[in-house]
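Chains as they are written, first to last, in UniProt numbering: chain A, 1 to 121; chain B, 1 to 327; chain C, 1 to 104.
Hints in this document: simulated from the structure, not taken from any laboratory.
For each residue, glycine too, the CB sits at the ideal point set by N, CA and C.
Wrong hints could be hidden among the right ones.
[Claimed, not checked] Facing chain B, a subset of chain C residues (Cβ under 8 Å, in silico):
id : residue
1  : Val76
2  : Thr80
3  : His83
4  : His87
[What the hints assert, rightly or not] From chain B, some residues computed to sit far from chain A (all C-beta separations above 10 Å):
id : residue
5  : Leu193
6  : Leu209
7  : Phe213
8  : Arg247
9  : Leu264
10 : Gly267
11 : Gly269
12 : Val270
13 : Leu274
14 : Leu275
15 : Pro287
16 : Ile300
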Amino acid sequence: MTGTHYVYWLLFALMMIGLYVVISHGNLLKKMIGLTLFQVSVFLFFISLGKVEGGSAPIISPEVETYSHPLPQVLILTAIVVGVATLAVGLALAVRIFEAYGTVEEEDMREHDEDRHGAAS
Amino acid sequence: MTTFTVINFTLLAILTVTALVIARLRALYEAAMLTALSSLVTASLFVLMDAVDVAFTEAAVGVGISTVLLLGVLALTRSREAVTPRRRHLPAIAVTALTGGLLVYAAQDLPAFGSADSPVQRHPVTEVYLHQSQEEIGVPNTVTAVLASYRALDTLGELVVVFAAGTAVLLLLGPLTHGKRRQNLDLMEYKVLRVVSSLLMPFVLVFALYVLFHGDFGPGGGFQAGVIFATGFVLHGLVFGLDKSQRVVPPAALGSLVPLGLGLFVGLGVVTMLLGGSFLDYGTLLPAGGPAAQHLGILIVEVAIGITVAAVMTSIFFAFAGRRPTR
Amino acid sequence: MILLEILSAVLLAAGALFIVSGAVGLLRFPDFYTRIHATGITDSAGAGLILLGLLLRTTTWEAGVRLLIIMLFLVVTGPTATHLLAHAARRDGVPVWRKGDPRR
Numbered sequence: 001m002t003g004t005h006y007v008y009w010l011l012f013a014l015m016m017i018g019l020y021v022v023i024s025h026g027n028l029l030k031k032m033i034g035l036t037l038f039q040v041s042v043f044l045f046f047i048s049l050g051k052v053e054g055g056s057a058p059i060i061s062p063e064v065e066t067y068s069h070p071l072p073q074v075l076i077l078t079a080i081v082v083g084v085a086t087l088a089v090g091l092a093l094a095v096r097i098f099e100a101y102g103t104v105e106e107e108d109m110r111e112h113d114e115d116r117h118g119a120a121s
Numbered sequence: 001m002t003t004f005t006v007i008n009f010t011l012l013a014i015l016t017v018t019a020l021v022i023a024r025l026r027a028l029y030e031a032a033m034l035t036a037l038s039s040l041v042t043a044s045l046f047v048l049m050d051a052v053d054v055a056f057t058e059a060a061v062g063v064g065i066s067t068v069l070l071l072g073v074l075a076l077t078r079s080r081e082a083v084t085p086r087r088r089h090l091p092a093i094a095v096t097a098l099t100g101g102l103l104v105y106a107a108q109d110l111p112a113f114g115s116a117d118s119p120v121q122r123h124p125v126t127e128v129y130l131h132q133s134q135e136e137i138g139v140p141n142t143v144t145a146v147l148a149s150y151r152a153l154d155t156l157g158e159l160v161v162v163f164a165a166g167t168a169v170l171l172l173l174g175p176l177t178h179g180k181r182r183q184n185l186d187l188m189e190y191k192v193l194r195v196v197s198s199l200l201m202p203f204v205l206v207f208a209l210y211v212l213f214h215g216d217f218g219p220g221g222g223f224q225a226g227v228i229f230a231t232g233f234v235l236h237g238l239v240f241g242l243d244k245s246q247r248v249v250p251p252a253a254l255g256s257l258v259p260l261g262l263g264l265f266v267g268l269g270v271v272t273m274l275l276g277g278s279f280l281d282y283g284t285l286l287p288a289g290g291p292a293a294q295h296l297g298i299l300i301v302e303v304a305i306g307i308t309v310a311a312v313m314t315s316i317f318f319a320f321a322g323r324r325p326t327r
Numbered sequence: 001m002i003l004l005e006i007l008s009a010v011l012l013a014a015g016a017l018f019i020v021s022g023a024v025g026l027l028r029f030p031d032f033y034t035r036i037h038a039t040g041i042t043d044s045a046g047a048g049l050i051l052l053g054l055l056l057r058t059t060t061w062e063a064g065v066r067l068l069i070i071m072l073f074l075v076v077t078g079p080t081a082t083h084l085l086a087h088a089a090r091r092d093g094v095p096v097w098r099k100g101d102p103r104r
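From just these sequences and the hints, can you work out the full model?
Okay, here's the thing in structure tokens:
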């Protein structure tokens, strides 16, 4: 039964790599890239739940007998476009932060704030 | 080991290795390129898992628009990451190990990959989507049928999110003014590129329209069409320069197209309510009702989605490209 | 038709061979210009032969037309991309490798 679970484990590994990049790296752009990786692996996981062995794409045609489930695909299709839209917002924020602080690194931003407002901030 | 398993495993292994390399790379241009590669491998995996519509969208959006945006931002900011201090690694490793362990433990209850009698497949709504939709709506691509008709309200919500994101980017990066001529963004001296781009751009736009209208019969639909349409203008903007591109697509026109699609979608829902049905009940659009009315409703919805997504993606690109690097 | 199947298998195998050779060239060649020369093979010869092999297996004419359009698109954009890479590298000042130089 667990023979086919290698797909889920590999996708979890991908998710964890993306999550690790988001948490540990201080560069804002690297975080966005890590978030993209996380997102992509979540999409793959969701779609893999709808796959039927020996099935085909859910486009009704007289030659096909089994179809994979269309509902996960509908949800992920819109999620992908929303994902790139939010990536754009995140990147726009990064650009504005860079123009205000001169850096996109979290550590440098924190030092910049402490230097300007004192350690009480 | 079937060929499916071999291909599946190979693609997943490539994806994992790419992710590991992205995590370790400090040079951000290379990381952006590898992200595009991982999106392409993901699109292949989607095709393998029979999700052709999703693969289409991922290839257009993840490989195309995402990469252009990342590279655009890298051109505005620095492209090399600082070394992560050691003390940040430990909490990250702890969290990911814990979460990963929990996920693997919970995955024991998941149905086997590809099983035909999992709860997802046995639910009665599967019957409705796959077979009843042929009598009620008559659209062979069930993904479009579910997206634009059965679950049109979800799609409206997603479109609102895209609209909000476009508005947020425009608010953050300023109004789209006519960009002055900047050498580092236009590639006018590359004659081959100019000729090939001018050759290809009309075909890209026509292909976007084809994808929009063919979404009923094959992979396609409003989201993919909007993104491909925007890609045509991104290509034009990259090759011919932002000022020429903004003469082709004036920012004022873009600004009015962004809410137009959303307004069309919501307007359709209001019209169906005024005609006596519930919100987005396409059966009221034509006096006979039935599949013809559903087709009309789906067409209007897909066009609305295409308009807003294309306008949002193009204005996001113009906003990033028009920003002057300050340092 | 068994002849079409054999021919298509031969074309697919040849295309795969060209793609592998492009990948090997990418790893082994000593210089940027020679490497993009190797990958140019992948797009034109490799993908073209694979598409021709698939063309022989199509059952409907719509699929055949789509494959031809894809091949046309690749023929137009592949060499353009290689040309641009070489042009950009030349403009950037990447030196050309001569015999006896270390591998870059």
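Do the hints match the structure? See the list:
1. Val76: 6 Å, holds
2. Thr80: Because about 5 Å separates C:Thr80 from the closest Cβ in chain B, which is inside the 8 Å limit, the hint holds.
3. His83: 5 Å, holds
4. His87: Where the cut-off is 8 Å and the nearest Cβ of chain B is about 6 Å from C:His87, the hint holds.
5. Leu193: 25 Å, holds
6. Leu209: Holds, since 18 Å exceeds 10 Å.
7. Phe213: Holds, because the least Cβ-Cβ distance between B:Phe213 and chain A comes to about 16 Å, which exceeds 10 Å.
8. Arg247: Since the minimum Cβ distance to chain A is about 23 Å, B:Arg247 lies beyond 10 Å and the statement holds.
9. Leu264: Holds, because the least Cβ-Cβ distance between B:Leu264 and chain A comes to about 17 Å, which exceeds 10 Å.
10. Gly267: 20 Å, holds
11. Gly269: 17 Å, holds
12. Val270: B:Val270 is indeed farther than 10 Å from all Cβ atoms of chain A, at 22 Å.
13. Leu274: 27 Å, holds
14. Leu275: With a cut-off of 10 Å, B:Leu275 remains clear of chain A, as the shortest Cβ separation is near 26 Å.
15. Pro287: 27 Å, holds
16. Ile300: Given that every Cβ of chain A is farther than 10 Å from that of B:Ile300, nearest at about 18 Å, it holds.
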